[in-house]
Amino acid sequence: NAGVTQTPKFQVLKTGQSMTLQCAQDMNHNSMYWYRQDPGMGLRLIYYSASEGTTDKGEVPNGYNVSRLNKREFSLRLESAAPSQTSVYFCASSISSITTEAFFGQGTRLTVV
Amino acid sequence: AQSVAQPEDQVNVAEGNPLTVKCTYSVSGNPYLFWYVQYPNRGLQFLLKYITGDNLVKGSYGFEAEFNKSQTSFHLKKPSALVSDSALYFCAVRDDSSASKIIFGSGTRLSIRP
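If you read the protein sequences in the order shown, they are chains A and B.
Here this note's numbering is used: the first sequence runs in plain steps of one and ends on residue 282.
Here this note's numbering is used: the second sequence runs in plain steps of one and ends on residue 381.
Incorrect hints may have been included.
[As the list claims (entries may be wrong)] Here are the simulated DSSO-like cross-link-like pairs (lysine-lysine), alpha carbons at most 30 Å apart as the crow flies:
id : chain 1 : residue 1 : chain 2 : residue 2
1  : B       : Lys344    : B       : Lys368
2  : A       : Lys226    : A       : Lys240
3  : B       : Lys325    : A       : Lys178
4  : B       : Lys316    : A       : Lys240
5  : B       : Lys325    : B       : Lys336
6  : B       : Lys336    : B       : Lys368
7  : B       : Lys325    : B       : Lys289
8  : A       : Lys226    : A       : Lys183
9  : B       : Lys368    : B       : Lys316
10 : B       : Lys344    : A       : Lys240
11 : A       : Lys226    : B       : Lys368
12 : B       : Lys316    : B       : Lys289
13 : B       : Lys316    : B       : Lys344
14 : A       : Lys226    : A       : Lys178
15 : B       : Lys289    : B       : Lys336
16 : B       : Lys289    : B       : Lys344
17 : B       : Lys289    : B       : Lys368
18 : A       : Lys178    : B       : Lys336
19 : A       : Lys226    : B       : Lys336
20 : B       : Lys316    : A       : Lys226
21 : B       : Lys325    : B       : Lys368
22 : A       : Lys178    : A       : Lys240
23 : B       : Lys344    : A       : Lys226
24 : B       : Lys336    : B       : Lys316
[What the hints assert, rightly or not] Using C-beta positions, here's what the derived DEER-type ranges look like:
id : chain 1 : residue 1 : chain 2 : residue 2 : range
25 : B       : Asp363    : A       : Gly209    : 37 to 43 Å
26 : B       : Asn335    : A       : Gln191    : 37 to 43 Å
27 : B       : Asn284    : A       : Met188    : 42 to 48 Å
28 : B       : Ala268    : A       : Ala171    : 31 to 37 Å
29 : A       : Arg246    : B       : Ser351    : 24 to 30 Å
30 : B       : Arg376    : A       : Met196    : 37 to 43 Å
It should be emphasised that the hints constitute simulated quantities derived from the structure, not laboratory data.
Ideal Cβ positions, reconstructed from N, Cα and C, are used throughout, including at glycine.
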């Protein structure tokens, strides 16, 4: 099983450019998440989708938009990239039950210059 | 709102010694607590969780964690550390006031010296 797949793995953007990070899971999970990881800051929740058709803001949503395309896919869009968005981005998914853990993708390393 | 604190950025332990990585939490409902490990250039891997019941939970690779409701803590422990345990460890929490959100701590880097 592939689990959670993120594309691309690496990306360099110029300030002001836009891009979409893709995420797909094949575990039939209801909930999906986008996190960013920065040194000393841990993982911060950007947006999440509790189920297909719903999305909610997390801790640091500014500068991002998301789309829950279907049950499998959850994309993260940067409309106008800024150097402060240089980070490693992780997608995760889980069964909707509160007692279950999340499964993570391998991450996307994004650099904005 | 949920929050998680990991007070130590780094923990250094000699191989064979016991290790503890600390985590405290704040939730408005019942807590559901998780530990994850991250190896270099990898995603996070689940280690163990506390849902209800026995306060001492056991997980992968010989790790265990103790839930303490009065101290709102969920410390990760291992009786005898291995060099291969060196990694970044994250504590996370969900609560039943906002069931879908999973909030992580800032992480603790565990370094095991031979």
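Quick rundown of the hints versus the structure:
1. B:Lys344 <-> B:Lys368: Judged against 30 Å, a Cα distance of about 25 Å means the pair holds.
2. A:Lys226 <-> A:Lys240: holds (18 Å)
3. B:Lys325 <-> A:Lys178: violated (33 Å)
4. B:Lys316 <-> A:Lys240: holds (25 Å)
5. B:Lys325 <-> B:Lys336: holds (17 Å)
6. B:Lys336 <-> B:Lys368: holds (21 Å)
7. B:Lys325 <-> B:Lys289: holds (16 Å)
8. A:Lys226 <-> A:Lys183: holds (25 Å)
9. B:Lys368 <-> B:Lys316: At roughly 16 Å apart (the allowed maximum being 30 Å), Lys316 (chain B) and Lys368 (chain B) satisfy the hint.
10. B:Lys344 <-> A:Lys240: Outside the cut-off at roughly 37 Å; violated.
11. A:Lys226 <-> B:Lys368: holds (10 Å)
12. B:Lys316 <-> B:Lys289: holds (15 Å)
13. B:Lys316 <-> B:Lys344: holds (13 Å)
14. A:Lys226 <-> A:Lys178: Holds - the C-alpha atoms of Lys178 (chain A) and Lys226 (chain A) are around 24 Å apart, at most 30 Å.
15. B:Lys289 <-> B:Lys336: Between Lys289 (chain B) and Lys336 (chain B) the Cα gap is close to 14 Å, so the pair holds against 30 Å.
16. B:Lys289 <-> B:Lys344: Since the Cα atoms of Lys289 (chain B) and Lys344 (chain B) sit roughly 9 Å apart, the hinted pair holds (cutoff 30 Å).
17. B:Lys289 <-> B:Lys368: holds (22 Å)
18. A:Lys178 <-> B:Lys336: violated (40 Å)
19. A:Lys226 <-> B:Lys336: Holds, at roughly 29 Å.
20. B:Lys316 <-> A:Lys226: holds (25 Å)
21. B:Lys325 <-> B:Lys368: It holds: about 24 Å lies between the C-alpha atoms, which stays within 30 Å.
22. A:Lys178 <-> A:Lys240: Holds, at roughly 22 Å.
23. B:Lys344 <-> A:Lys226: violated (33 Å)
24. B:Lys336 <-> B:Lys316: holds (15 Å)
25. B:Asp363 <-> A:Gly209: 37 to 43 Å: violated (30 Å)
26. B:Asn335 <-> A:Gln191: 37 to 43 Å: holds (41 Å)
27. B:Asn284 <-> A:Met188: 42 to 48 Å: For Asn284 (chain B) and Met188 (chain A) the Cβ distance comes to about 46 Å; the hint holds.
28. B:Ala268 <-> A:Ala171: 31 to 37 Å: Roughly 34 Å apart at Cβ, these two residues keep to the hinted range, so it holds.
29. A:Arg246 <-> B:Ser351: 24 to 30 Å: Because 38 Å falls outside the window, the suggested range is violated.
30. B:Arg376 <-> A:Met196: 37 to 43 Å: violated (29 Å)
Checked against the numbered hints above, the structure breaks hints 3, 10, 18, 23, 25, 29 and 30 and satisfies the rest.
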